[in-house]
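Q: Sequence:
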Amino acid sequence: MKKITLILICFFSYNLIAQHYLPIQHDTLVAFSIERIINNTKINKNKQNELIITGIADYSGTSLGKDIAQKFFYGGEISDSMKQKSLNRHKAINRFGSDTQAELEYRNYKVNLFKNENWGFVVKTGMYNFLQAIYSKDFFTFPMYGNTYFEGDTAKFSGSQFSNITYQKVGFGWLDKKSKSAICLNLFGLNNASNLSLYDAEIFQNTGFDSLSFNYNGRASFSNNPNYLKGIGLGIDADIRWHSKNLKGKPHFQFLMRNIGFITQTANFTQYTADTSFSFNGFSYDQIANGTSFQSENFAFLDTLGIKKSESKTTFMLPGIIQVSKLIDQSEGAKTKKLQEFYGARLYFSSMSIPMIFGGLDYNPFNGFVHFGASVSYGGYSRLKAGCYSSMQWKNISIGISSENLFNPTGQSIIFRLQCVF
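Read the sequence shown against my numbering and you will find it ends at 451, with the numbers running on by one and no gaps.
To be clear, the hints were calculated from the coordinates, so they are not data collected in a lab. Beta carbons: idealized from backbone N, C-alpha and C, even for Gly. Take the hints with a grain of salt, since some may be wrong.
Said to hold, decoys possible - DSS-like, lysine-lysine: derived pairs with alpha carbons at most 27 angstroms apart:
1. K355 <-> K338
2. K279 <-> K153
3. K120 <-> K76
4. K342 <-> K355
5. K367 <-> K279
6. K207 <-> K95
7. K338 <-> K76
8. K279 <-> K144
9. K120 <-> K100
10. K100 <-> K166
11. K364 <-> K424
12. K207 <-> K277
13. K139 <-> K153
14. K424 <-> K355
15. K274 <-> K367
16. K120 <-> K95
17. K114 <-> K207
What the hints assert, rightly or not - Pairwise CB distance ranges (calculated):
18. W423 <-> N253: 48 to 54 angstroms
19. I430 <-> N254: 35 to 41 angstroms
20. I430 <-> Y135: 17 to 23 angstroms
21. L390 <-> G175: 20 to 26 angstroms
22. W423 <-> W203: 29 to 35 angstroms
23. C449 <-> A415: 26 to 32 angstroms
The whole structure should be built from the sequences, with the hints applied where relevant.
A: This is the structure:
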């Protein structure tokens, strides 16, 4: 039974990880301030364009060790000590999330959009992968230790969910030249999507290890279509910035919406559904597979277990992000400030995550040339995390590197941003 479970895990992993994730940073990578370029008429004639390149690779969880996660991503043997350490961290409900993306954004401050001298335009494009899971402790234990771990006991998987989506976007929108606020309308293209939902599922292993009893109600779907684009959709990005003059220190704030929208599948997705109870013993893999693959029409074991296969198309919301935060003041008058605080909250459009709160300090030792910072956060797909960042500005270029997840045994994070004005 352990081998069968691992085969099923590998099957879903292929459809999820092979496509191949990125959380939006706290804006702690100090952005190159274009204010003085707009306000300086000498530079304004020649340098009214801004290019922003961002890359993010991040995964985190409440329980699954990063040593095991790396084995799933890159391959390798999972040792008994790895499994035991992760098992000790698992609770009744556990979460895992992975976000990888690359985005290119161009901002034009020269063009007067709709003949308004305060408006420019923004164009962006990017590629994104988002993988997430919420699962029971037994959902980890059963494939790692096999059914012998549950002798005379029941493995409970109810409420476990797993999903993955890979998509791309191209967008065009409005830009406010003074505040740098922007709203962008996006067109999305779906490359792949897979998901698994176990509404009610459990397995009972008798003490003689000669039979198993299943009780399950769930569904799984994935794309078996070779088309590069398997769906299209619409959505919005928003980056609204404002200066609060009534608060002490007159702080700058940002309201951020990223990849909020929906996608409609244009290609059929294979779906498996089941709501049944079943007991069996003595099956070998050859008997189960009947000489065919899991995706074959002749996979006999599916009918035996009461699993129904169908083809369907659906419309679903993207796992976008909403974030509100206090920004680091980068104006000319704030260059002498050595320390500034930042804080905020982030919400993923997903029932598998919880709201995230974060805060930290920015250190400016050389009047804006170099910035260092540290942060702490709680929520999302993980518990307490620590992060740090550094950035350097030289003439019209700003380069920053950041991590939202340091010293944590259940995740890793790297964020890179390059900004230039020309």
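Q: Hints first: check each against the structure and report whether it holds.
A: Do the hints match the structure? See the list:
1. K355 <-> K338: 49 angstroms, violated
2. K279 <-> K153: 31 angstroms, violated
3. K120 <-> K76: 54 angstroms, violated
4. K342 <-> K355: Given that 27 angstroms is the threshold and the Cα spacing comes to 41 angstroms, the pair is violated.
5. K367 <-> K279: Status holds; Cα separation ~16 angstroms.
6. K207 <-> K95: 43 angstroms, violated
7. K338 <-> K76: 58 angstroms, violated
8. K279 <-> K144: 31 angstroms, violated
9. K120 <-> K100: 22 angstroms, holds
10. K100 <-> K166: 19 angstroms, holds
11. K364 <-> K424: Distance of about 15 angstroms is within 27 angstroms: holds.
12. K207 <-> K277: 22 angstroms, holds
13. K139 <-> K153: 17 angstroms, holds
14. K424 <-> K355: Roughly 25 angstroms separates the two Cα atoms, so the pair holds.
15. K274 <-> K367: 21 angstroms, holds
16. K120 <-> K95: Holds. K120 to K95 sits at ~17 angstroms (cutoff 27 angstroms).
17. K114 <-> K207: Violated - the C-alpha atoms of K207 and K114 are around 52 angstroms apart, more than 27 angstroms.
18. W423 <-> N253: 48 to 54 angstroms: For W423 and N253 the Cβ distance comes to about 50 angstroms; the hint holds.
19. I430 <-> N254: 35 to 41 angstroms: The hint (35 to 41 angstroms, Cβ to Cβ) holds, given that I430 and N254 are roughly 38 angstroms apart.
20. I430 <-> Y135: 17 to 23 angstroms: Holds, at about 22 angstroms.
21. L390 <-> G175: 20 to 26 angstroms: 48 angstroms, violated
22. W423 <-> W203: 29 to 35 angstroms: 30 angstroms, holds
23. C449 <-> A415: 26 to 32 angstroms: 30 angstroms, holds
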